[in-house]
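With the hints as extra help, turn the sequences into a complete structure.
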Amino acid sequence: MAKDNILEIENLYVEYDTDDGVVKAVNGVSLSLERGETLGLVGETGAGKTTIARSILRILPVPPAKVTQGTIRFEGQDLGKISEAEMRKLRGHKIAMIFQDPMSALNPVYTVGSQIAEGIELHQKVSKAEAAKRAGEMLEMVGIPRERYTDYPNQFSGGMKQRAVIAIALACNPDLLLADEPTTALDVTIQAQVLELMEQLRDKLGTSLIMITHDFGIVARICDRVAVVYAGQVMEYGSKKDIFKDCRHPYTMGLFNSLPKLDKNEKRLKTIPGLMPNPMDLPKGCPFAPRCQNATEECMKGRIEPKEVTPGHFVSCLYIPERGMSV
Amino acid sequence: MIRYIVKRLLMLIPVVLGVTFLVFTLLHFTPGDPAVNALGATSTEEARQAWREERGLNDPFFVQFANYCKEVFLHGNFGRSYSGNRSISDEIKSRLPISARLALLAILIDFLVGTPIGIISAVKRYSALDNILMLLALFMVSMPGFWIGLELSIIFALKLRLLPASGLYGPQYYILPVISIALGGVSAAARMTRSCMLDVIGSDYMVTARAKGVSEKIIILKHGLKNALIPIITQIGGAAAGMIGGAMITEIVFSIPGMGTYMTNAIQSRDYPVVLGCVVVLSFLACIILLITDLAYAFVDPRIRAQFGGGKKKSKKEDA
Amino acid sequence: MSANTMAAGTEALPKKRGLWQNAWKRLKRNKRAMVGMYIMLAILLLAIFAPVIAPYGYDDQVLTEAFQSPSLKHLCGTDNFGRDVFSRLLYGGRISLTLGLIAVALSTIVGIIVGAISGYYGGAVDNLIMRCMDIMQSIPSILLAIAIASTLGGSMVNCMIAIGISSVPLNARLMRGMMLSVRQNEYVEAARCANASDLRIMFREIIPNAMSPMIVNMTLGYAGALLNAAALSFIGLGAQPPSPEWGAMITAGKTYITRYPYLITAPGVAIMLTVISLNLFGDGIRDALDPKMKQ
Chain A
687 MAKDNILEIE NLYVEYDTDD GVVKAVNGVS LSLERGETLG LVGETGAGKT
737 TIARSILRIL PVPPAKVTQG TIRFEGQDLG KISEAEMRKL RGHKIAMIFQ
787 DPMSALNPVY TVGSQIAEGI ELHQKVSKAE AAKRAGEMLE MVGIPRERYT
837 DYPNQFSGGM KQRAVIAIAL ACNPDLLLAD EPTTALDVTI QAQVLELMEQ
887 LRDKLGTSLI MITHDFGIVA RICDRVAVVY AGQVMEYGSK KDIFKDCRHP
937 YTMGLFNSLP KLDKNEKRLK TIPGLMPNPM DLPKGCPFAP RCQNATEECM
987 KGRIEPKEVT PGHFVSCLYI PERGMSV
Chain B
1412 MIRYIVKRLL MLIPVVLGVT FLVFTLLHFT PGDPAVNALG ATSTEEARQA
1462 WREERGLNDP FFVQFANYCK EVFLHGNFGR SYSGNRSISD EIKSRLPISA
1512 RLALLAILID FLVGTPIGII SAVKRYSALD NILMLLALFM VSMPGFWIGL
1562 ELSIIFALKL RLLPASGLYG PQYYILPVIS IALGGVSAAA RMTRSCMLDV
1612 IGSDYMVTAR AKGVSEKIII LKHGLKNALI PIITQIGGAA AGMIGGAMIT
1662 EIVFSIPGMG TYMTNAIQSR DYPVVLGCVV VLSFLACIIL LITDLAYAFV
1712 DPRIRAQFGG GKKKSKKEDA
Chain C
1049 MSANTMAAGT EALPKKRGLW QNAWKRLKRN KRAMVGMYIM LAILLLAIFA
1099 PVIAPYGYDD QVLTEAFQSP SLKHLCGTDN FGRDVFSRLL YGGRISLTLG
1149 LIAVALSTIV GIIVGAISGY YGGAVDNLIM RCMDIMQSIP SILLAIAIAS
1199 TLGGSMVNCM IAIGISSVPL NARLMRGMML SVRQNEYVEA ARCANASDLR
1249 IMFREIIPNA MSPMIVNMTL GYAGALLNAA ALSFIGLGAQ PPSPEWGAMI
1299 TAGKTYITRY PYLITAPGVA IMLTVISLNL FGDGIRDALD PKMKQ
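Protein sequences, first through last, are from chains A, B and C. Taking the numbering used here, the leading residue of the first sequence gets 687, the next gets one more, and so forth. Taking the numbering used here, the leading residue of the second sequence gets 1412, the next gets one more, and so forth. Taking the numbering used here, the leading residue of the third sequence gets 1049, the next gets one more, and so forth.
Keep in mind the hints are simulated off the structure, nothing from the lab. There may be inaccurate statements among the hints.
Said to hold, decoys possible - Straight-line C-alpha distance at most 20 Å; calculated EDC-like pairs for lysine to aspartate or glutamate:
hint : chain 1 : residue 1 : chain 2 : residue 2
1    : B       : Lys1628   : A       : Asp706
2    : C       : Lys1073   : A       : Asp703
3    : A       : Lys775    : B       : Glu1627
4    : C       : Lys1076   : A       : Asp967
5    : C       : Lys1302   : B       : Glu1627
6    : C       : Lys1073   : A       : Asp705
7    : A       : Lys811    : B       : Glu1627
8    : B       : Lys1535   : A       : Asp703
9    : B       : Lys1633   : A       : Glu807
10   : A       : Lys780    : B       : Glu1627
11   : C       : Lys1079   : A       : Asp703
12   : C       : Lys1076   : A       : Asp703
13   : A       : Lys775    : A       : Glu761
14   : C       : Lys1079   : B       : Asp1541
15   : A       : Lys987    : A       : Asp967
16   : C       : Lys1076   : A       : Asp861
17   : B       : Lys1628   : A       : Asp861
18   : A       : Lys780    : A       : Asp705
19   : A       : Lys752    : A       : Asp706
20   : B       : Lys1535   : A       : Glu770
Keep in mind it's a predicted model, so treat the numbers as computed, not measured.
Here's what the structure looks like:
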């Protein structure tokens, strides 16, 4: 491996075994992330983005979730092979996660400060007082006055809660940060603030970041590389420029076409016809084929392997157009 | 916090008055002439009239109720029994401590034994241990408490001759009654704790804690339990208050000279002032347990505290 | 009725049917619930066909055969009057089960009415009703039942009324809560906008939705009613001794506990089995109807 990859995911499969059947959430995802880079995971709700992030941290609910295949390597170490105790040392220390819903991600019966300090105390082997001091600094870093340390989550507004969640994630200065739709639950104005904060902190601390989102605006703003995920598979993967200026996969194009354009006076949003396939009953071939205009018999036959169209730009499609679409 | 306690105490007053009113009204409209009951069928009409006059039974209903409340709340006087004309307050004074001791011991056991069992079951959910514990709990909650008492006394007093089965002459006399009162409660507490813990185990902040690298044991005992305690306390408190009723019936099984025996005898001899006094006192006890529950609840849950806490923190929220 | 109301009404229908079907599917998969259901059915059939199944009449006294231990001839032995305990249990089942059912029906119906009025009208009405419920609830239910039963006098009918009334607050509160949450649903708004009358909204839209927790409450309440009825019988406020009601049988057997413990064990086990089956089934229904379990 020539590049300094902090994270490599190879051929990952995750299933949920539910009462109604087996839900295939992630189906053969391979990704890599260079140190200091930001990777955007883009896709609709239910595409398996969160599952990918949680399987990196090994915090999937087991059962019903199960990683059936694949390896995840963090700094060269196979996360599937290390013990739970070793994994715990990585969690919150080297790899941290920001959760989607700040309203429920904080424990309502402990002070916000103590929840930030908990990770510091655990990983940096410092005294309670020292951990509290650093947690106070973290609060200030995310723009919350230190005096709010002893407040409970119910005394925080939504935006402040998300800042607190970010502070918890960054408390031990992790090498890799997984941000799971960190702004989805927030108001538009607060979204911008939180995003700006994350961008600043990432640049300041040099953290590698995986940004899970369904918002291309966020991708355009902070990501270096983008993976477009659909029904648990990566449809298209490349640099931001590859995706925005030269996108080749019909699904990615569909997504872009469905964005409202400010310069055109459109009456209706263009949508991709059809619905995401039922994850309990995925089509055998390309999962997007049932909704794809270009699909043929061939698309339904078997798994479609990604092809490298330009260096570093992978597309999983049988009929890749010669020239891509630009937004 | 103090404001909350005061508020809850003030809220107790209408409830206590309401309870007294409800039970007073119920027993007031009992068919039959109390004078005939008290003096016997052979008594003269004059004697009955004099007896009614003496007890104020000829007064209008609301006057009677007001007088009763005045006596009970200002003087702690529950009146005199129909049969024997004895002071009910004196009887209650000597019997209440016994009943309260039994009930409180049982409640303590419920909490100390039932809650840990529920936690273990929730953490090891769907395991063999969980299945066995929950099956046992199911059996225990499905038996009438007094029947458990009877069966226990058959086994431990009659067959094995290990423990005494009636009376109250020393610590060993408490064992069987307390167990038979507590068994149902322990099982109920275990079942409630398990379901509350399961709800909590699936919540987002547990995942947050896991993502921080906190160990599973601390996640359960620190992050999980404190949250689960909120519904657990409410439910166990409610169940404990309800258990006071069951304890009264168990007292009869073991011939314990407590409130339950007193009340049952009074029911059988239609001595309504005694029944009234007992139900009112026991309901007070239940209200106090519910009050303690509410306070414990506020102690655990900062959201409740914030609602009733000082203005300092509220103003902070406003400028946020 | 305008077309809009119709649309709002029918829109809610398929969802409801789906809910019940799914619930039944989940219930069938729940082994415990099924075991509970089969025990319950068995007990019910035994009670219904008691005259056919019972080897003896419940009141056939054969004084020469008093206090016989359980044997093939008398499965659960005989009591002090030489009556066959097993036959009495079967007949007693009819009484106990009916008693519990009527008590639960009473408390559910009164609870629904009180709770619906409270939740629907809100304001002062709601406040007054709920404060009354608070007061009733702060008296332990068995004590309230004792107070009611001793006012009415000890008998089967009064025992049902006492138990039924004492558990009204629980149902009323549940119904009121459901009313409040369902009231905010959009389809009720829609019905109201289409000028549907209050009564119509109440019956067409809200009550069917509030039904599922009500059913759970009824099953678990049935179990509680059986236990309370036994307790009332035990202190002489329920069915009176010659009756083969299970609680009354325990009370009657208590006198002979030292020498013939099977006299109280048999009816106790009958109560326990019935209550267990109801609890299993009730828990199962609750899980099946709980949307959280769908994941």
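query: Where does the structure disagree with the numbered hints, that is, which hint numbers, in rising order?
result: Violated hints: 1, 4, 5, 16, 17, 18; rest satisfied.
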